[in-house]
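Visitor: Residues per chain are reported as follows:
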Amino acid sequence: MEQKTKINAEDGKQELVITREFDLPLELLFKAYVEPDIVEQWMGTKVLKLENKKYGSYQFETTDPKGNKHGFNGTIHEFVPNRKITRTFEMENTPFAVQLEFLEFETLTDDTSKLTMHVVYKSVAIRDQILQLPFAQSINMAHNRIQEIVNKLK
Amino acid sequence: MNLRRDVFQAIADPTRRAILLLVAAQSMTAGAIASNFDTARPTVSKHLQILTECELLKQEQNGREISYHINAKKMKEVANFIEPFRKMWDDRFNKLETIMKKYSR
Chain A
1 MEQKTKINAE DGKQELVITR EFDLPLELLF KAYVEPDIVE QWMGTKVLKL ENKKYGSYQF
61 ETTDPKGNKH GFNGTIHEFV PNRKITRTFE MENTPFAVQL EFLEFETLTD DTSKLTMHVV
121 YKSVAIRDQI LQLPFAQSIN MAHNRIQEIV NKLK
Chain B
155 MNLRRDVFQA IADPTRRAIL LLVAAQSMTA GAIASNFDTA RPTVSKHLQI LTECELLKQE
215 QNGREISYHI NAKKMKEVAN FIEPFRKMWD DRFNKLETIM KKYSR
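Read top to bottom, the protein sequences are chains A and B.
Residues in the first sequence are numbered consecutively from 1, following the numbering used here.
Residues in the second sequence are numbered consecutively from 155, following the numbering used here.
To be clear, the hints were calculated from the coordinates, so they are not data collected in a lab.
Treat the hints loosely; a few may be bogus.
Claimed, not checked - Restricting the straight-line Cα-Cα distance to at most 16 angstroms, the calculated cross-link-like pairs of lysine to aspartate or glutamate (EDC-like) are: (1) K228(B) with D11(A); (2) K4(A) with E251(B); (3) K49(A) with D64(A); (4) K122(A) with E78(A).
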C-alpha cells in the first residue's frame, strides 16, 4: 500500500520534507491548522495562544503521562489562507534549537488536498536527533512493508 | 562511482523500491531483475549500482554471473531510523483527516 505520509530526509542535510495527501478539500485541511480547538484535537496539545497572522505567535502545552508540562512556541512569519504558513517552532527546555517550518497547502481535486511541510534545522546533527526521537518513544511501532520483509529474513 | 550514496534518496525511487522488494524475496541476477521491468537494461543496471553503492544490495559472484541479494542489516537500519518519525506524523494526519470529515466546507 502506498503510504499517505512521506518523509524525505536526505543524508547529511539539515532539512527534511514531509508530504501528505488528504481526503479533504483544501479549505478543511487549512481550517485544521487555524481553529485552536481543532488543533488541540489532532495535535494532542493544549493551545494557549494561536495568532494566525504575520508577526503573530503561538504557544502550545502538552502534559506527559507523569504530569510534566512541555511547552512549544513559535512566531508566524507568513500567513496566507489556504496557501501557506511560514513559522518557527521551538521545544522549550530542550537542547534542540528553534526550527523553521514552511507549510504549503494545495488543492488536488475538489475533495482532496496536499500538505508539504519543509522543515529546516540548525544543524544536521539536530535534525537527525529529532528524527530519532519518536523511535526512542515508540513502543508500538508499526512496521512498514520493507520492515516486514526484513523481519522474515532474520 | 565511489561517491557516498544517499540511502534515503535510494529508497525514495519507486523502481529501486520495487527492485528491493524483488530481491528481498530471493537473490537474483541482474538479467533476471531487469526482465521484471519495462525499463531499458542499462537503466536497471544504474539502479542496481546505486543500491549496491549504498549497501542495500550485495553482489555475489556466481560462476559467470553476478547475483544480487539484500543486505538485511542496512535495510533494517534505514527502515528503523525513519519509520517511527513518519508514523508519528501519519497518526497525527490520520486524526486530522478523521476530525475534519465531520465538518463541511
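Visitor: Decide if the proposed pair is consistent with the structure: K4(A) and E251(B), CA atoms, cutoff 16 angstroms inclusive.
Guide: 11 angstroms, holds
Visitor: With a cut-off of 16 angstroms on the C-alpha distance, tell me whether K122(A) and E78(A) pass.
Guide: Roughly 20 angstroms between the alpha carbons, so the hint for K122(A) and E78(A) is violated.
Visitor: CA of K228(B) to CA of D11(A), is that 16 angstroms or under?
Guide: The hint holds at about 14 angstroms.
Visitor: Straight-line Cα separation of K49(A) and D64(A) no greater than 16 angstroms?
Guide: Distance of about 20 angstroms is beyond 16 angstroms: violated.
Figure legend: structure checked against the earlier numbered hints; hints not met, in rising order: 3, 4.
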